[in-house]
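My request is simple: use the sequences and hints to build the entire structure.
Respectively, the protein sequence lines represent chains A and B.
If you're matching positions, the first sequence starts at 1 in the numbering used here and goes up one per residue.
If you're matching positions, the second sequence starts at 146 in the numbering used here and goes up one per residue.
The set of hints was computed from the structure by calculation and includes no laboratory data.
Some hints here could point you the wrong way.
To be verified - Keeping only pairs whose Cα atoms sit at most 27 Å apart, straight-line, the calculated BS3-like set for lysine-lysine is:
no., chain 1, residue 1, chain 2, residue 2
1, B, Lys240, A, Lys32
2, A, Lys133, B, Lys532
3, B, Lys204, B, Lys351
4, A, Lys53, B, Lys535
5, B, Lys312, B, Lys232
6, B, Lys427, A, Lys32
7, B, Lys513, A, Lys5
Remember, predicted model here, so these are calculated numbers, not experimental data.
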Amino acid sequence: MYSDKVIDHFTNPRNVGEIENASGVGTVGNAKCGDIMRIYLDIDEAGVIRDCKFKTFGCGAAVATSSMATELVKGKTIQEALEITNKAVMEALDGLPPVKVHCSLLAEEAIHAALWDYAQKNGIEIEGLEKPKTDISETEEEEEY
Amino acid sequence: MIYLDNAATTRTAPQVLEAMLPYFSECYGNASSVYKLGQESKKAITKAREQIANVLGAKTDEIYFTAGGSEADNWALKATYEFYKGKGNHIITTKIEHHAILHTCEYLEQKRGAKITYLDVDADGMISLEELEAAITPETILISIMAANNEIGTIEPIKEIGAIAKKHGVLFHTDAVQAFGQVPINVDECNIDMLSSSGHKINGPKGIGFLYIRKGVKIRSFVHGGAQERKRRAGTENVPGIVGYGAAAQLANETMATRTAKEIELRNYLIGRIKAEVPNCKLNGHPEKRLPNNANFSFEFIEGESLLIMLDMAGICGSSGSACTSGSLDPSHVLMAIGLPHEIAHGSLRLTLSDETTKEDIDFTVEKVKEIVARLRNMSPLYEDYKAGKSKSIIETRY
Numbered sequence: 001m002y003s004d005k006v007i008d009h010f011t012n013p014r015n016v017g018e019i020e021n022a023s024g025v026g027t028v029g030n031a032k033c034g035d036i037m038r039i040y041l042d043i044d045e046a047g048v049i050r051d052c053k054f055k056t057f058g059c060g061a062a063v064a065t066s067s068m069a070t071e072l073v074k075g076k077t078i079q080e081a082l083e084i085t086n087k088a089v090m091e092a093l094d095g096l097p098p099v100k101v102h103c104s105l106l107a108e109e110a111i112h113a114a115l116w117d118y119a120q121k122n123g124i125e126i127e128g129l130e131k132p133k134t135d136i137s138e139t140e141e142e143e144e145y
Numbered sequence: 146m147i148y149l150d151n152a153a154t155t156r157t158a159p160q161v162l163e164a165m166l167p168y169f170s171e172c173y174g175n176a177s178s179v180y181k182l183g184q185e186s187k188k189a190i191t192k193a194r195e196q197i198a199n200v201l202g203a204k205t206d207e208i209y210f211t212a213g214g215s216e217a218d219n220w221a222l223k224a225t226y227e228f229y230k231g232k233g234n235h236i237i238t239t240k241i242e243h244h245a246i247l248h249t250c251e252y253l254e255q256k257r258g259a260k261i262t263y264l265d266v267d268a269d270g271m272i273s274l275e276e277l278e279a280a281i282t283p284e285t286i287l288i289s290i291m292a293a294n295n296e297i298g299t300i301e302p303i304k305e306i307g308a309i310a311k312k313h314g315v316l317f318h319t320d321a322v323q324a325f326g327q328v329p330i331n332v333d334e335c336n337i338d339m340l341s342s343s344g345h346k347i348n349g350p351k352g353i354g355f356l357y358i359r360k361g362v363k364i365r366s367f368v369h370g371g372a373q374e375r376k377r378r379a380g381t382e383n384v385p386g387i388v389g390y391g392a393a394a395q396l397a398n399e400t401m402a403t404r405t406a407k408e409i410e411l412r413n414y415l416i417g418r419i420k421a422e423v424p425n426c427k428l429n430g431h432p433e434k435r436l437p438n439n440a441n442f443s444f445e446f447i448e449g450e451s452l453l454i455m456l457d458m459a460g461i462c463g464s465s466g467s468a469c470t471s472g473s474l475d476p477s478h479v480l481m482a483i484g485l486p487h488e489i490a491h492g493s494l495r496l497t498l499s500d501e502t503t504k505e506d507i508d509f510t511v512e513k514v515k516e517i518v519a520r521l522r523n524m525s526p527l528y529e530d531y532k533a534g535k536s537k538s539i540i541e542t543r544y
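Here you go:
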């Protein structure tokens with residue numbers, strides 16, 4: 001069901017934890033759907049992401065996408081981080097099962113939420129960043145008989 | 146490997162497999178054929194039918210083999226509705242039935258004009274007999290309530306349900322897929338008119354089940370074709386499957402008392418240790434009236450699929466009612482029906498024992514569960530908030 005990379009990032013997740021006095025923190029998802037992702041960013045004066053940590057409540061794919069997302073944003077500029085899409089996270093993980101694609105959307109959204117928090121705290125505007133949705137969910141298909 | 150998912154399926158017992166093997170190789174005759182080879186198969190089917198009828202206190206010609214529990218459930222509901230809809234269109238069932246019942250009811254409701262009452266259950270998963278009786282109307286033709294629940298293990302009061310059905314002249318069907326061979330059931334004592342069961346849940350083979358149909362219940366064939374199963378279920382008989390099911394049923398019945406006593410003891414040991422050693426956890430299902438081998442827990446702040454994958458890596462097979470494992474966005478309908486909040490339902494773990502389970506297996510499993518739950522909690526933002534005093538524990542405040 002999962003690629004080796006997903007299993008690797010789930011069993012040995014990179015960057016689990018919190019950052020004290022983080023530059024930005026973003027939490028997305030809800031417990032109702034069974035996925036909550038929180039991303040912490042440490043951003044330096046030059047606007048480069050020095051460090052990134054996460055905490056996730058969710059399935060194997062949710063943990064793996066969080067882990068991969070933190071790896072991808074580390075060392076990037078804010079603009080570069082903003083351009084990381086859910087597709088990039090999925091590709092880096094060698095794909096996700098179709099029912100788990102929303103986990104990667106959650107990871108993209110969590111990065112945006114943390115960047116938004118950083119922008120709010122510093123009274124700046126980040127070009128191309130809109131206020132993120134905090135609740136990512138999908139609509140369920142109707143069953144046919 | 147430690148296999149603790151015996152409610153999903155079981156290992157085919159060696160003696161069951163042995164009984165089946167000749168019917169693949171030497172005795173491969175069609176039971177409908179007149180020559181000796183065919184008649185050998187017919188004899189084998191008759192024997193299996195007796196073995197099964199014995200377990201239920203039924204007559205042999207009341208056992209109809211099907212391809213499994215789901216077919217038996219579909220048959221019971223659709224054919225009862227088809228035959229008796231002139232009398233009324235109302236069926237009573239519960240919110241915690243298997244999907245083979247629930248989705249069949251939805252079909253009858255949406256496409257065939259049936260009216261279905263889905264009874265609530267209490268926090269332990271038990272139906273209310275008062276609510277059941279109050280739900281009966283002159284239009285009610287069938288009550289379909291499971292003998293025991295597959296997820297939380299709760300055993301429903303089928304004897305009392307049967308008595309109510311009889312009093313009101315309503316047919317009673319029970320999905321006994323989890324209960325058959327695990328708890329004693331007598332179709333006469335419980336006034337059961339129809340009962341579904343499946344072979345692979347009791348160390349028999351997959352792809353075989355049966356529907357018990359009491360004499361006088363006028364349901365027609367669901368699969369049309371040849372005259373097999375007294376013209377009620379067409380198709381060349383799955384002889385090895387039937388033979389295996391007969392052997393498994395006899396075995397389950399003969400070993401029931403000792404096997405389940407051992408399972409209950411180990412299961413209670415498992416529940417006791419988990420509850421004492423893992424904080425913020427609760428047992429789901431009725432504390433006593435539950436299947437001998439079933440334990441179902443909810444661990445707060447974590448999600449079930451993560452737990453299952455990590456248990457699998459430790460060599461332990463279990464199951465969960467989380468959304469990620471149910472294939473939909475919601476956690477299991479059973480956990481919702483017993484009133485669990487989503488957060489708690491997502492963190493469920495079902496462990497179901499067999500007579501092969503040892504105390505060492507349980508000790509190892511408990512240690513791994515403790516380790517993995519702690520590990521996942523350290524990753525969880527919900528646990529972080531709880532630890533920081535930003536949110537309260539639902540289990541601590543509600544249970």
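* To do: Quick one: which hint numbers does this structure break? Sort them smallest to largest.
  => none
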